[in-house]
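In case you want the letters, here they are:
Number of protein chains: 2
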Amino acid sequence: MKIALAQLNPTIGDLIGNSRQILAAAKKAAEGGARLLLTPELSLCGYPPRDLLLDPSFVEAMSLQLLQLAKDLPPQIAVLVGTVQPNINSHVKGGKSLFNSIALLEGGKVQHFFHKRLLPTYDVFDEYRYFEPGNESTFFILDKLRIGVTICEDLWNDEEFWGKRKYAVNPIAELSALGVDLLINLSASPYTVGKQKLRESMLQHAARRCARSIIYVNQIGGNDDLIFDGCSVAFNRNAEVVFRAAAFATDFSILEFDEQRVDILPGQIATLIDNEDAEIFSALVLGVRDYIRKCGFSKVVIGLSGGIDSSLVAAIAAEAIGAENVLGVLMPSPFSSEHSISDALSLAKNLGIQTWILPIADLMQTYDKTLSDIFAGTEFGITEENIQSRIRGNLLMAIANKFGHLLISTGNKSEMAVGYCTLYGDMNGGLAAIADVPKTRVYSICRWLNQRAKENDPSQEIIPYNVLIKAPSAELKPGQVDQDSLPPYDILDDILDRLIHKHQSAAQIVAAGHDAAVVERVVKMVTRAEFKRRQAPPGLKVTDRAFGTGWRMPIASRRTEPHDFLIKK
Amino acid sequence: MKIALAQLNPTIGDLIGNSRQILAAAKKAAEGGARLLLTPELSLCGYPPRDLLLDPSFVEAMSLQLLQLAKDLPPQIAVLVGTVQPNINSHVKGGKSLFNSIALLEGGKVQHFFHKRLLPTYDVFDEYRYFEPGNESTFFILDKLRIGVTICEDLWNDEEFWGKRKYAVNPIAELSALGVDLLINLSASPYTVGKQKLRESMLQHAARRCARSIIYVNQIGGNDDLIFDGCSVAFNRNAEVVFRAAAFATDFSILEFDEQRVDILPGQIATLIDNEDAEIFSALVLGVRDYIRKCGFSKVVIGLSGGIDSSLVAAIAAEAIGAENVLGVLMPSPFSSEHSISDALSLAKNLGIQTWILPIADLMQTYDKTLSDIFAGTEFGITEENIQSRIRGNLLMAIANKFGHLLISTGNKSEMAVGYCTLYGDMNGGLAAIADVPKTRVYSICRWLNQRAKENDPSQEIIPYNVLIKAPSAELKPGQVDQDSLPPYDILDDILDRLIHKHQSAAQIVAAGHDAAVVERVVKMVTRAEFKRRQAPPGLKVTDRAFGTGWRMPIASRRTEPHDFLIKK
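Residue numbers (our numbering), protein chains in the order written: chain B, 1 to 569; chain R, 1001 to 1569.
If we strip away everything but chain B, and leave its shape as in the complex, we get (with noise of 0.2 Å):
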């Protein structure tokens, strides 16, 4: 039997144009020889539908569009679709109204739904809020081939490879105790770090476990914050990868499953990039060029200081949409040093992407002068820094709003964490696009590009050199650089790393070998920051924690820390 594979890129919501994608993958594979289509989990309405689900005209629309649909496949082929099921029975015992299901679609008709039984609540993930589980784990049957269907989360639950459970039940292993032929897993697995690697083994771990072939299909494509790397994958029974699809690019394919032998036989296997700095780069690339097409812009603008983050986001912004959509702006104040203009104009000559020069003095000066009253006998401060920051803001939303251009914001995870940025300054934008990426990565990311144009042209460089020797800093008083106000970078990373990622208490850190007053004073500053990062635009993740959707943090409060406990009882 010939199974095909669909790793689509829907927009969430676009029931119409989510319809025609999987209607076009269905006629190609029908085409192939196909009997069977995999799309992934909510490929209707794309992952994640959000509070769109909250909406009952919205749900019906998706039933329409569902049967619309089945009618419209052609009649040789059967499709899994993913959708909203409404839960009948949850005004009589209780329950959330909908299933987060798959449907099998054939013969002009829907013939079953299969219903997700892991939701997720953590992270990004708010399942709970919309679904009730599925309580039972089922098959279909396609011309004698019995397969088993699971839904994304279904799959993260092997305790033997987690060493612990995370839910009441295993679904894999309870079909295949029901004895099913093909295992296959429907997922919207959004990107991290390393993700693409810890699937595969957990998968492979599921295929050694089961004895059984698994077919693993995953969306692609960014959804605000989200980005979903695709890599789907097939393991055959033996647990060995016998298919993998392009990571960050939608793809099509045909496997052949062997009825005789039970499993799937060998197909394309695409290569796994081998470099975070190459994973990280293609996936913001992939998140900033759907973020701008999925919200109807096809320019943007982007802040140029002369620094590293400016400079690698213009780098991401060209090679998602084109250097010729993209336009830098440099901003220089009296304070800004001579370089800071020329490593810009290097850099947007070596992008080729236009540039625009508007210098801010006149409006200090205004600003002092409208102030001067109110500020009578007060001194140059912080006050002063946020306000040349905020003119930036202030000409790049102009300049954005003028020519309908998306602004882009240039701001890193360690500035984010410690709030080493201007809340409607430098924070401005629709999207932040490194905004999960710690300072010492940008540095590398760097690196690694330069290196990767180097390799086909010895005299080319992307970012210029000097952006990656100099002091990293704001310039917003005369020579003022990063260090003055923060711990050096690879120690700050690596603190942040502890509190963030690692979830590691003050005190753990010290013990790592960490300055007390350093650590202490870093905490201080990740917790005062709450407030702007709550304003901060959306920013595409790509760690484990990103700030956001997946980090929910009180504002109003204060935290107390065991040493606090230990002290004051």
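None of these hints come from the bench; they were simulated from the model.
Hints are supplied without guarantee of correctness; some may be wrong.
What the hints assert, rightly or not - Keeping only pairs whose Cα atoms sit at most 25 Å apart, straight-line, the calculated BS3-like set for lysine-lysine is:
(1) Lys166(B) / Lys299(B)
(2) Lys524(B) / Lys1402(R)
(3) Lys470(B) / Lys454(B)
(4) Lys1027(R) / Lys1071(R)
(5) Lys1195(R) / Lys402(B)
(6) Lys144(B) / Lys109(B)
(7) Lys1164(R) / Lys93(B)
(8) Lys1502(R) / Lys93(B)
(9) Lys1524(R) / Lys299(B)
(10) Lys1093(R) / Lys164(B)
(11) Lys1369(R) / Lys369(B)
(12) Lys477(B) / Lys1402(R)
(13) Lys454(B) / Lys349(B)
(14) Lys1524(R) / Lys402(B)
(15) Lys1109(R) / Lys1071(R)
(16) Lys1197(R) / Lys1164(R)
(17) Lys477(B) / Lys369(B)
(18) Lys166(B) / Lys1093(R)
(19) Lys1402(R) / Lys369(B)
(20) Lys299(B) / Lys349(B)
(21) Lys502(B) / Lys1093(R)
(22) Lys28(B) / Lys2(B)
(23) Lys402(B) / Lys1369(R)
(24) Lys502(B) / Lys166(B)
(25) Lys1197(R) / Lys1166(R)
(26) Lys1369(R) / Lys1477(R)
(27) Lys1144(R) / Lys1027(R)
(28) Lys1093(R) / Lys1002(R)
(29) Lys1166(R) / Lys93(B)
(30) Lys1027(R) / Lys524(B)
(31) Lys2(B) / Lys109(B)
(32) Lys1402(R) / Lys1299(R)
(33) Lys1166(R) / Lys1144(R)
What the hints assert, rightly or not - For each label pair, taking beta carbons as the anchor points, the in silico distance ranges come out as:
(34) Thr138(B) / His1503(R): 26 to 34 Å
(35) Glu1160(R) / Asn89(B): 16 to 24 Å
(36) Gly1377(R) / Pro75(B): 55 to 63 Å
(37) Ile1141(R) / Ile491(B): 34 to 42 Å
(38) Ser63(B) / Ile1141(R): 46 to 54 Å
(39) Ser1342(R) / Gln365(B): 27 to 35 Å
(40) His1503(R) / Val92(B): 18 to 26 Å
Here the structure is a predicted model, which means the values were calculated and not measured.
Glycine included, every Cβ here is placed at the ideal spot set by N, Cα and C.
Position chain R relative to chain B; hints supplied.
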């Protein structure tokens, strides 16, 4: 038996401060002869602690603090304290690692834990993110009295009252079947308009159905966007109100439980506020006051436009923290009407707040000059209107930064819904005081404020008469009024109420009598403004569906309406 109720106002995460509050209440209760003290849900850490619960060191600090509190309590009293408790079997059985619990402290020790069974995952609630539901409802025996303990949502699943089941189990009915003498519900139930009455009807229904007395203790205070109103209440076994605590204020009381009659004897009954305008105003005053205080500020700055929104926000702030702590800033432009200054100054005089006037004409000119080359050949439009708003936003932030004031933004819900506001301009601020108050309600609250003032002194007004009667205008171009861009506010607010609060589709709103073109335009404006709302400051929630933590919409999306489906299929 004397039972004390502490209607407490905890600060999120402040384990030591919150323990002191509980301890103080316990001492007072013991002195008053009480045998038992009741405190709200999660009284040790405050509700909602959100992602603080993901840090193991915070959970550990909480366990240590609970043990310390047990030791510090007066010996003759038992105390129910809200806390979290590890789910020690989660590694083996699966499930979340914590319970949302009530600890019974007595004799220097933790005697028992009661776990919350029904976990809300709708609106602003994310309890399944952190908690495993408890699997049984239990009671404790104190001096022969069997006391059944439930936590907040445990009460909210009476299918007779709601006409449907929300959850599979009903803890209240189970405890009733176990033959308890008294039901207790410890809550952190956020305020929305009319919720106090809804809760009492539900409690009354439960008391009648179970023929048992019920004591309900609620948290009070503002925590970021959520306002907890208190209004703790008790019903006797005849389902009569026998006690009611204050609304929007901390409170402490001792009730008498007659063991012979197995019933609560009548106590103090505070009057419910019988006017929605007054109720909302009180809620907002509490929300503003607590946000300021819990964030560590003592003064606020507000932009005064002479319009009704900023007038109301100034009145709320003056009532919350005293007129002497409120600074109003007037920022007239060449497009400002004369009355915008005179009305703002009248308001400031009525309230007794300080003002400052900063004209923005010079800054407008300097922005025009700075942008003249890049904007050459373009016309005055939305961009230039936004620049004015952003100049004002920057000046307000400069004042806030320089003097350490909190900036409070003044946008109402109607504006936030349709995006009739400027990101990084008038949306600037640490808190959006009236972001959940529709424009028509802003008017009615202001009229009520004047009426209240007149009751004390017939010559007094708070909101100047001219502010109440003039046409609303952003004054960003000559002769502009809101109704150039928006439907009349009574029509707009009705459409928004149906769309947002009643989850109606465009077709249903048209069927209710609204013009189809107007409805379509409003729906599109609401969808398009999502990117602005995502970057808005926290807004105080007073309705069932506020923008913010309980509104989780995608940005890069294409919402399919049922009529799209019908047209295009």
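Here is what the structure says about each hint:
no.	hint	result
1	Lys166(B) / Lys299(B)	violated, 44 Å
2	Lys524(B) / Lys1402(R)	holds, 21 Å
3	Lys470(B) / Lys454(B)	holds, 21 Å
4	Lys1027(R) / Lys1071(R)	holds, 13 Å
5	Lys1195(R) / Lys402(B)	violated, 45 Å
6	Lys144(B) / Lys109(B)	holds, 20 Å
7	Lys1164(R) / Lys93(B)	holds, 9 Å
8	Lys1502(R) / Lys93(B)	holds, 24 Å
9	Lys1524(R) / Lys299(B)	holds, 22 Å
10	Lys1093(R) / Lys164(B)	holds, 9 Å
11	Lys1369(R) / Lys369(B)	holds, 17 Å
12	Lys477(B) / Lys1402(R)	holds, 16 Å
13	Lys454(B) / Lys349(B)	holds, 16 Å
14	Lys1524(R) / Lys402(B)	holds, 21 Å
15	Lys1109(R) / Lys1071(R)	holds, 7 Å
16	Lys1197(R) / Lys1164(R)	holds, 20 Å
17	Lys477(B) / Lys369(B)	holds, 18 Å
18	Lys166(B) / Lys1093(R)	holds, 8 Å
19	Lys1402(R) / Lys369(B)	holds, 15 Å
20	Lys299(B) / Lys349(B)	holds, 18 Å
21	Lys502(B) / Lys1093(R)	holds, 24 Å
22	Lys28(B) / Lys2(B)	holds, 12 Å
23	Lys402(B) / Lys1369(R)	holds, 15 Å
24	Lys502(B) / Lys166(B)	holds, 18 Å
25	Lys1197(R) / Lys1166(R)	holds, 20 Å
26	Lys1369(R) / Lys1477(R)	holds, 18 Å
27	Lys1144(R) / Lys1027(R)	holds, 23 Å
28	Lys1093(R) / Lys1002(R)	violated, 41 Å
29	Lys1166(R) / Lys93(B)	holds, 8 Å
30	Lys1027(R) / Lys524(B)	violated, 34 Å
31	Lys2(B) / Lys109(B)	holds, 21 Å
32	Lys1402(R) / Lys1299(R)	holds, 12 Å
33	Lys1166(R) / Lys1144(R)	violated, 34 Å
34	Thr138(B) / His1503(R): 26 to 34 Å	holds, 32 Å
35	Glu1160(R) / Asn89(B): 16 to 24 Å	holds, 18 Å
36	Gly1377(R) / Pro75(B): 55 to 63 Å	holds, 58 Å
37	Ile1141(R) / Ile491(B): 34 to 42 Å	violated, 56 Å
38	Ser63(B) / Ile1141(R): 46 to 54 Å	holds, 52 Å
39	Ser1342(R) / Gln365(B): 27 to 35 Å	holds, 31 Å
40	His1503(R) / Val92(B): 18 to 26 Å	holds, 21 Å
Of the numbered hints listed earlier, those contradicted by the structure are 1, 5, 28, 30, 33 and 37.
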